[in-house]
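**Student:** Chain residues, written in single-letter form:
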Amino acid sequence: MHIIVCIKQVPDSAQIRVHPVTNTIMRQGVPTIINPYDLFSLEEALRLRDQHGGEVTVITMGPPMAEDALRKALTFGADRGVLLTDRYFAGSDTLATSFALASAIEKIGQLYGRPDIVFAGKQTIDGDTAQVGPGIAKRLDLLQLTYVAKVSAADPGKSEITVERRAEGGTQILKTRLPCLITMLEGSNEMRRGTMPDALRAARAEIVTWSAADAGIEDLTKCGLRGSPTVVKHVFAPSARQDKATMVGEAGDLPRDLADKLLDDVFTRQPAILIAMSALSSL
Amino acid sequence: MIEEKFDAIVVGAGMSGNAAAYTLASRGLKVLQLERGEYAGSKNVQGAIMYASMLEKIIPDFREDAPLERHLVEQRFWMMDDTSHTGMHYRSDDFNEERPNRYTIIRAQFDKWFSRKVKQAGATVLCETTVTELIRNTEGRVIGVKVDRAGGAIFADVVVLAEGVNGLLGTRAGFRETPKAESVALAVKEMHFLPEEVIAQRFGLSGNEGCVIEAAGTFSQGMTGLAFLYTNRESISIGVGCLVSDYARTMESPYALLEQFKNHPSVRPLLKDTEVKEYAAHLIPEGGYKAIPQLYGDGWVVVGDAAQLNNAVHREGSNLAMTSGRIAAEAIFQVKSRRDPMTAENLRLYKTMLDESFVIKDLKKHKDMPALLHTNSQNFFMTYPQLMSAAAQNFVRVDGTPKIEKEKATLSSIVKARSRFGMVSDAVRLAFAWR
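Heads up: the protein sequence lines correspond to chains R and X, in order. Sequential numbering from 1 applies to the first sequence in this note's numbering. Sequential numbering from 1 applies to the second sequence in this note's numbering.
It cannot be assumed that every hint is accurate.
[As the list claims (entries may be wrong)] Examples of chain R residues lying across from chain X (beta carbon under 10 Å, computed): (1) D68; (2) T75; (3) M191; (4) R193; (5) G194; (6) T195; (7) P197; (8) L200; (9) A202; (10) A203; (11) R204; (12) D253; (13) A279.
[Claimed, not checked] Covered stretches of chain X, going by a simulated chain R footprint (3 or more residues, C-beta under 8 Å): (14) 238-245; (15) 339-352.
Just so you know, the hints here were simulated from the structure itself, not pulled from any lab data. In this text, a Cβ means the ideal position worked out from N, Cα and C, and glycines have one as well.
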């Protein structure tokens, strides 16, 4: 089995601060991590490889320092890291990112074997769009399984996979043909601690580094800022709510009276609740 | 199971570990460096001042790309009571030299840079990997390490223990005792963010010039301790350290002392409108020469804080760490070049070379100082600062009292507080310890 996992290096949001004046994220000096959602996909990929044999290739697009994220993925046990880095990629939105990644995945397929599964994180913690995974699936014409809670069975021989997908109102059990694209739900597994041989291999591994041209991308207008129709018009910090807490009743009031006063107060402010409640009770 | 064998395994990626790994790798040895932190520097805490000439001996052109904050042109020593400080300031334009002598640094950044150099020199650096045990053969010789990862036994001719002040490996292996409470200080520090121009204005600096304040006095509540304030490019490092045994005795908390220092009327204006960026705590070896453990053995050497190599009197640590790391590496290289085994007998060369260096010579010179300051901490850190303040104030305050009476009053307050004999004995003992 050849499995490709798409990861992203993101600023550690637990340690991020917003500039008090400009409202922009202060990225300087903030440590970077692998997008936490990607780790569930990576671990699932490693488990499938361990069960069925094959290779896991990890790919990321980003600045040269994103190599650290790939090296870390190798420490966990991935077999190969591919870094897509080029100034033409700067400023990519999800459309341009999925284009570049899809192109590189095709190239990886040509060089290292067609992928049976492409994994992506459910979403990133810095962009939160959840669009890049599905975008890649669409571009590569892969069947897509999003919000997967569990891979129940995989059969590379029959080219089939069965998963449990968390959906509104319940869990879907889905079976589909390979190749496909999967995004894993958080909490679906726990990332392993890489073995010493893996860690040693990762520390010395050669990371495959590709420019746009190396990835076989000819149409640069689809990359980076030029290929990104999304525009951030304005960034602002949410303003604090003006409403202040109000005191209801007096000290010494009976709890029952307090409750009555409170409900009166709520219904006066929000008459819609009263209307909805009377409508419900009349049913 | 890893079949591969290394020439040397370096445990730890602080100053001494990086110096050792860099020196070994750049001499062509096959080196594996193991660090428990997420990256080199992530766990490392220091004031921090870096001494250029010791790093020059390892990486001569470090100034080209090392992340340095400010070069120091001014040093202030303060004796403080609760409301005043009596200071000695030394500032010299001579320090605005082409190759400045001392720099403030931020360890998280500096160590990352140093680690990059180590990798470039050819060492394999593995972070997030804790060494749990030394592997020894039947003769007791150290032949490798075990780490907290599956399949984590790995072998080498020699293990360099650069594991820091607490050095659990060396202690567990019986190479040394756990550092005693009276020979380690616990220091806490904060980083305060401040714009470059405000720092320049507040401390009278221009360009990359830096200033250091080191202070002792009543804020330490009579404990053996020191406070510091270092200027970085866009931040101030401020901290207090006292002996662990003193904290235990007085039940004072390190943070309370730091707050006291920060709120001192001489310090508060320097910190006005700053934002605390981070805080950290660290143990510092203060036992001096007498606390140095066995430095080498069959298949191992110990360097830096793990070897308690810290000059508390001159507040130098990282340069001793770097130098011991470098010298250990040079000794190992010499033994290796002769194709001799890494036995205790051969590794003794490390100690011989270290004895010849400033590291041991300086520590030997001040070998009685830690004990003197410790047993007389109430006098040195409480009584004298108070007397000094009173004397200084008496000297500068003009109130119509005849000078002769003022001087008599000052003298008698000193004699009353410490007695003639006490003062003479303190002076004599101090002089002897310094000698």
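**Student:** State for each hint whether it applies.
**Tutor:** Taking the hints in turn, this is what the structure says about them:
no. : hint    : result
1   : D68     : holds (9 Å)
2   : T75     : holds (8 Å)
3   : M191    : violated (12 Å)
4   : R193    : holds (6 Å)
5   : G194    : holds (7 Å)
6   : T195    : holds (4 Å)
7   : P197    : holds (5 Å)
8   : L200    : holds (7 Å)
9   : A202    : holds (8 Å)
10  : A203    : holds (5 Å)
11  : R204    : holds (6 Å)
12  : D253    : violated (43 Å)
13  : A279    : violated (53 Å)
14  : 238-245 : violated (count 0)
15  : 339-352 : violated (count 0)
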